[in-house]
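*Asks:* Assemble the whole structure, with the sequences as input and the hints as a guide.
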Amino acid sequence: MVLVEGMSPAQLHSLARRGAVGLLVPGSGSLTDRRSALASLVRGADVNPYIRGRIAGRPVLSVVHRDAPPLRPYTIVVALPPGGRLRSNDRRFPIAVLGGGFHGILTSPTTRIPGLVSIVDVAPTALGRARGALSSLRSTTPIADLHRLDGRIHANNRLKLPTLIIVACALLLLAAVRPRVGVPAVLAALATSLVAGAANVTSEPLLVAMVVVGTLGGGLALARACRSEGRLLVAILAVMAAYLVLLVLHPDWVAITPLGPTQNSRFWGIGNQLETLLLAPVLVGAAIAGRRWGVPGFAAFAVLSLVLVTDNRLGSDGGGAMVFGVALAFVGARVLRIGARGFAVLLACFGALALGIVLLDLGSPGPDHLRSAFAHGVPGLLAVAANRVPLAYAPALRQWVILVPVALSFAAAFALALRLSRRRGADLVLGAGLAILASLLVNDSAPYELTAGVAVLAALARFGLPAQPPAGAGLRTRRGV
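Residue numbers are given in my numbering: position 404 of the sequence shown equals residue 563, and the series is strictly consecutive.
Don't take every hint at face value.
Computed beta-carbon distance windows for the label pairs [what the hints assert, rightly or not]: (1) 300 to 384: 38 to 46 Å; (2) 379 to 258: 55 to 63 Å; (3) 289 to 559: 44 to 52 Å; (4) 258 to 216: 24 to 32 Å; (5) 242 to 289: 28 to 36 Å; (6) 544 to 226: 40 to 48 Å; (7) 246 to 380: 42 to 50 Å; (8) 390 to 233: 56 to 64 Å.
These aren't lab readings, by the way, just hints derived from the structure by calculation. Every residue gets a Cβ at the ideal spot worked out from N, C-alpha and C, and that includes glycine.
*Replies:* Rendered as structure tokens:
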């Protein structure tokens, strides 16, 4: 393992001819520094600078410092952030693996994005371990591939909050003039994000234009095609199925988009932005399924929704499972008319289902976003809860300039949505509000969750499912009663 300071493009080109190259993410979270990056590198485990105290674990390998990269086989060459204070973890550094059958661009089991390498996967590679090690993908233009990847990540990361603001403003406009278009517009925004990821768009103006046109134009077109609740349910299931399939076959199409997770922590799967926006179609879909087919219909839709956010092959989002579980339990209790006890029973059932999926996934080899939380039993879970303060709450408070206006906007949107919604629509608004409150407790991106929450509330504000006719109503109407 060789650490080279300030590796030049010419040196990386030379390394690419002798092995596989990639972009190394030096840490997990929004901030990093040289100390935590080096500690993560030699331990093969994430060392987060937000969590103070003695660094846990012993180094499993040593690093040699050189001014120029060696070109001999069976060498891993990396660059790391410079020393000094904590800095934004928004820069990726070159890494190369020489010999050992590595050619082209590196692939990392933690990121599941060709060319992007998590620092925790370097040590298993150096030690020759099968689990968690890097591999490579053949490419005739590896440096050009990495350059395009870096541009895509940079553009999409810069637009994450602006994109949510655009979607929220578009939904607020539609709530005022075309309220029935709200939920179809959310589906259109989710589909547009997939199109942008599949097209590998790197232009920020083009990405913004796609989001605006896709949300407004796509929402109007989808609303025209989904005039009945049955068609709307089909559209909701189609979008959810598209995400499910692509998270397995092409996770980078979901990840490197303005609505995808940041490329310095979760890397892939359903992140907090998507999780929150999905609340609108998930709640509406669950309500329709429950009204049309009763308990079996609601249960089937709820299981699909929880699998989408919980299964490790799809991203293993523990916070998303809690958020969806709370929302679905509330709306299910209201739609099925089973009261507070029914809510508690549904919440327990959904919690058991999510836990069962997590435990089943932990038995399979490979990286798992929840493995560290469940690896040490109850003490490990308590440590995760305690770390919410430095990892989630403290960073949110440091962003108070953004957080305060966004929180006030969310509170105003919730009050207005509750006032404007009809009786059945109010259940959806209350369910969304309760879910976003749960998200603020368990997740770590409060500005994103609140901004996306405004969009969800705007979509649900004046969305009302038609009242379900009582049995025999159609017969009485035909008789003129």
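*Asks:* Confirm or reject each hint.
*Replies:* Going through the hints against the structure:
Between residue 300 and residue 384 the beta carbons are some 41 Å apart, a value that agrees with the proposed interval 38 to 46 Å. Checking the proposed 55 to 63 Å range against residue 379 and residue 258 shows it holds: the Cβ atoms sit about 56 Å from each other. Taking the beta carbon of each, residue 289 and residue 559 are about 46 Å apart, inside 44 to 52 Å as hinted. Residue 258 and residue 216 have their C-beta atoms about 28 Å apart, which keeps the hinted 24 to 32 Å range intact.
About 34 Å separates the C-beta atoms of residue 242 and residue 289, a value consistent with the hinted range of 28 to 36 Å. Look at residue 544 against residue 226: about 45 Å separates their beta carbons, and that is inside 40 to 48 Å. Separation of residue 246 from residue 380 is about 44 Å and conforms to the stated range, judged on CB atoms against 42 to 50 Å. The hinted range of 56 to 64 Å is satisfied by residue 390 and residue 233, whose Cβ atoms lie roughly 59 Å apart.
Checked against the numbered hints listed earlier, the structure breaks none of them; every hint is satisfied.
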